[in-house]
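Asks: Okay, here's what each chain looks like letter by letter:
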Amino acid sequence: MTGGTATRALQRLGWAGLCGGLLASLSNCGMKSTAETAAEPDARAAIDGVWRIAQASDRLLTTDGSMPPLLPDLQEVYEQHIAARHAGDRSWDPASHCRPLGEPRAMLELSWPFELHHSDDRADILYQWNRLDHVIPMAARHTRSTGNFYFGESVGRWDGDTLVIDVINVRADSMLDSSGMPHSASLHLVERLRTINDGRNLEVSLHVSDPATFSSEWDARLIFDRDPGRIVEDDCVERLQLNEYYTLDNARQPAEADHHT
Amino acid sequence: MALRVKWLAVAGATVTSWCLAAPPRAPVAAPPRQPSEDPHDLTGTWRVAEPADAADGLAGPEDGRRPGPRVTTRIDLNHVCWIASGLAPATTTIYQRGSQLAMVKADSLRARRIYLNESHPPKIALTHAGHSVGRWDGDTLIIDTVALKGALQTDDVDADTGRFSMIMSTPTLHVVERLSKIDDGAKLRQEVSFDDQATGMQPYTITRTYQYAPRSFTPEAECELDGDALVATDAAVLP
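Going line by line, the protein sequences match chains A and B. By the count of the working numbering, the first sequence reaches residue 261 at its end, each step adding exactly one. By the count of the working numbering, the second sequence reaches residue 239 at its end, each step adding exactly one.
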């Protein structure tokens, strides 16, 4: 190979690399991927409906069933929450004052159902628990400047027939589960929702990143059953006044005297 | 030349590796700019365009019945967690799925549901949203609501005075809404009629118009503050 040939070969290699990068840029760095455009509408529509956790639990565990890798200081906080809860003290829990649960806790809370709806520009997860609504703008980007919220700042997108919800800016005083699993304001949660078993179940895969709370990133997987029932209006404050905050059935069986006939 | 070739190769490899390593950015799909042309498809987000007038429905008594338990008031919403009824004016996102129509509202109620082609069950718990059933009459969706509780905001808050009208619900209050698309589907007209024959209440009708407003998102509202949530509604009524 002559020097000129080698130079031309390297030049072609350089241009090929640059073009490859640009093509990758177009396909992976801003444009819709094939998966984002090729999903079956029915598969996406199947995600809508009422869902309820298949196996009730007050603890969010990792995919292999172990405890999330809490840093030592946060492990101590978590154990304090559990001890206080066993002693009947829920002062550490914002939800005991009817503040929003946040996710993923809201999906687990006392097996209460939630209803999912989506359209082209948004998705809504409507929880029975105190009528909470997690609004997810679709095809949007994080602004990172809107402050912290119990449901954080969420953006959604489709990856094939999987709804991917990316959550940041979550208020640090919320808990990841009912047992009191803490997190920090740097929590980054990625939720992947899709139906399985011919639409009878909803699978929610979670990826949790929070270096201020956990020693490593971790994953969890939750399975929900499609619920043939309907969402019933719930008023947390009313339950609190009736001292029924942790009663499951009060929102489903209102007092007879209140009935319209 | 060698430097240029090297730069091209390095730049190409860098861009390639960066793009392959970086997570895909959220796609920015073009949102739907126009509502469906189907008059029976109300899906989408709707923002109040022409609010109801507080004077609506205040004409003289009809058929001899007296004015109902209707008050014009002002509530300090900073001091009470007051749950709005499904009839209060608020930006509303409508989803239609099978025989259910869900309205997600940017207020403290957050959601109400209308069950199509059903009757009210014989016994229903009183709720802030009430129990709503709907049917199509031509291109108008007629929604029938009963079993409401609490104070129902009926018109829009006056920006100058902060006042708005409320009806104090009773177990026999009956509300009929008529929803229809107008202006080639760009607007939604809502006519709401309140009637309570058991209390002799004068029928009361308001009309408001919503504008199609895709990508209207309301930030999370934190209604339930410690302690304040337990303040009775009456305690927050301002003079």
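The hints are simulated quantities; they were obtained by calculation from the structure and are not laboratory data. From a predicted model like this one, the values you see are computed outputs, not experimental measurements. Heads up, the beta-carbon is just placed ideally off N, CA and C, and yes, glycines get one too. Please note: incorrect hints may appear among the correct ones.
[As the list claims (entries may be wrong)] Computed footprint of chain A on chain B, listed as stretches where at least three residues anywhere in the stretch have a Cβ under 8 Å from a Cβ of chain A:
| hint | region |
| --- | --- |
| 1 | 42–52 |
| 2 | 127–133 |
| 3 | 210–220 |
Asks: Indicate, hint by hint, whether the structure satisfies it.
Replies: Structure-based check of each hint:
Counting residues of the region 42–52 of chain B whose CB lies closer than 8 Å to any CB of chain A gives 3, which reaches the minimum of 3, so the coverage claim holds. Given a C-beta distance limit of less than 8 Å, the hint that chain A covers the region 127–133 of chain B holds, as 4 residues qualify and 3 suffice. Figure legend: the region 210–220 of chain B, annotated as covered by chain A; annotation consistent (6 residues with Cβ-Cβ distances under 8 Å, at least 3 required).
Consistency note: the structure conflicts with none of the earlier hints.
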